[in-house]
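A.B. asks: Take the given structure of chain L and dock chain P to it, following the hints.
As given, the protein sequences belong to chains L and P, one line each in that order.
Here the first sequence stands for residues 0 to 299, where the numbers follow numbering that gives the first Met the number 0.
Here the second sequence stands for residues 0 to 299, where the numbers follow numbering that gives the first Met the number 0.
There could be a bad hint or two in this list.
Stated by the list, open to error - Think about it this way: if two alpha-carbon atoms lie no more than 20 Å apart in a straight line, the pair counts; the simulated SDA-like pairs of lysine to any residue are: (1) K49(P) <-> S16(P); (2) K190(L) <-> M259(P); (3) K225(L) <-> G260(P); (4) K2(P) <-> R40(P); (5) K190(L) <-> G260(P); (6) K2(P) <-> D182(L).
None of these hints come from the bench; they were simulated from the model.
2 protein chains.
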Amino acid sequence: MSKVQIVEVGPRDGFQSVGPFIPTETKIDLLQSIFSAGIRRVEATSFVSKSAVPQLADAEAILLAANQLQGLDAQVLIPTERQAVRAIDAGAMHLSFVLSVSDSHNYSNVRRSTSESIEEYAAIMRMMPVGARMRLNIATAFDCPYDGRVDEEVTTSVLKRILLAPLPNEIALCDTTGRVTPDHVSTLFEKCQRLFPEIDDWAFHAHDTYGLGTANTLAAWNAGVKIFDASVAGLGGCPFAPGATGNVATEDLVWMFEGMGVSTGIDFQSLLTVAHRVAALDGAQTGGRVRDAMSATCLL
Amino acid sequence: MSKVQIVEVGPRDGFQSVGPFIPTETKIDLLQSIFSAGIRRVEATSFVSKSAVPQLADAEAILLAANQLQGLDAQVLIPTERQAVRAIDAGAMHLSFVLSVSDSHNYSNVRRSTSESIEEYAAIMRMMPVGARMRLNIATAFDCPYDGRVDEEVTTSVLKRILLAPLPNEIALCDTTGRVTPDHVSTLFEKCQRLFPEIDDWAFHAHDTYGLGTANTLAAWNAGVKIFDASVAGLGGCPFAPGATGNVATEDLVWMFEGMGVSTGIDFQSLLTVAHRVAALDGAQTGGRVRDAMSATCLL
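With the rest of the complex left out, here is chain L:
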């Protein structure tokens, strides 16, 4: 049976968008529920400036709890070398570094040029603990909120420069704005796999803002991608269009893949229970369809 790996990014990408502070014990309890539903890889938190993202100020405690769940691969997002040091000190063995193809978005995100972030990536790779893994997230790989469509050649040339440094274990191409369409997803992944055979694993980070979260995921799957980011209950919203949805919902991807006979290893009903809890968080902005469809009053 073919299978995919779903990376649950709700505890990082989802929680960071929630205004009211989610108590650390609630976050840990949700992490445990996510794990119990069969999810084996999670972006548990982010090591970022506590003043910039107070919601994730408890990163050390969350990572500690995540690392205690035997069999859970807990990655943490780090935007800079300084935060990488902090994460490694806290016991992170799976880092997720993010940089944007477009300078404008990279400046907005981390107040650095893309070139400066590439240098930081190289510096982090030189200090990685033995056995630690690196996921490299390429933001604005398809489209930038400031510059619009990003040409494939621009993305691949940034990748070429990055890959002069030690190789990551995996590269995720991110649809930061949600505006990519399936044809672009397919062609960029096909091109990247052809140009960079030294990279073992490619991942796709889909947004559902324009209704194409599942369609773009399908296009990536058809192009050979086997690792997909998703957020339970679609938690996260769209930072560029407040009021609109953001991350594709984990339960929608599980519904699609399992329906296609592709194993996710996730128990759908348990996941739905977690999704309802997440959707009930104070300040949660959610998305996805399957949750509502399954809970709607059935006439039959």
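C.D. replies: Same frame as chain L, now just chain P:
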């Protein structure tokens, strides 16, 4: 440039789900706006029992108005021979007959067995006016709300029996429940095109209830389908899961196809304006993502 034809089914599939009666002049005004946005094919109304669907009791007036829009291909849904007579008397030149693969759903829909509906189809084909066109809608082609997944062989065997009668101009396979997944969409369309080369055109009627409206449409497109039903603003809801969304939104399909460089002939901004008007109808149950994404406050 490659292109698709979108069949706007909101005036039938959408309106019939709205409780409060939409004044006939409002319906006609919306039809004109839909036409002005570049849509050239519409399911304008349905000739059905006025007591069963009071919302569509004005079918004659609507068809008359639709037929006055030069260049608009206005099809009307008919569930029985008796209603076909009524539609033809009212000037219908494009009929859309529906029958379900599963007896249980066909009984629930029209109080007849599938075999009885096949006989009615043959009878209608024998009385079609010269030059009139027939679209045949195959409900529960993939999945039935009562019986679950419908095997491909069951659907193709029903098609074989139907096609002993005079051929329709087009066959639409309908995801009645919204529960089909992309693999099943692809394989059934590929199989049908192989088994029934005498059919010129195949269409897909997608629902977005489980978040796969665009993904399944993409799968059908990849399988060679060029005609897609959609409802502006996703109007319609899901009759089997009240509270959940139903028809895939026209604006979501236009966004996807135009983004893929596939022409729909539809002006996106004009369509959005119509979608907002439709969403504001009293009693409207809507879906889709693009409308909210485009109207959400943009931070940039």
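A.B. asks: All the hints need checking, so say for each whether the structure fits it.
C.D. replies: Cross-check of the supplied hints:
1. K49(P) <-> S16(P): 14 Å, holds
2. K190(L) <-> M259(P): Distance of about 17 Å is within 20 Å: holds.
3. K225(L) <-> G260(P): Violated, because 26 Å separates the two Cα atoms, which is more than 20 Å.
4. K2(P) <-> R40(P): 14 Å, holds
5. K190(L) <-> G260(P): 19 Å, holds
6. K2(P) <-> D182(L): 14 Å, holds
Of the numbered hints given earlier, the model fails hint 3 alone.
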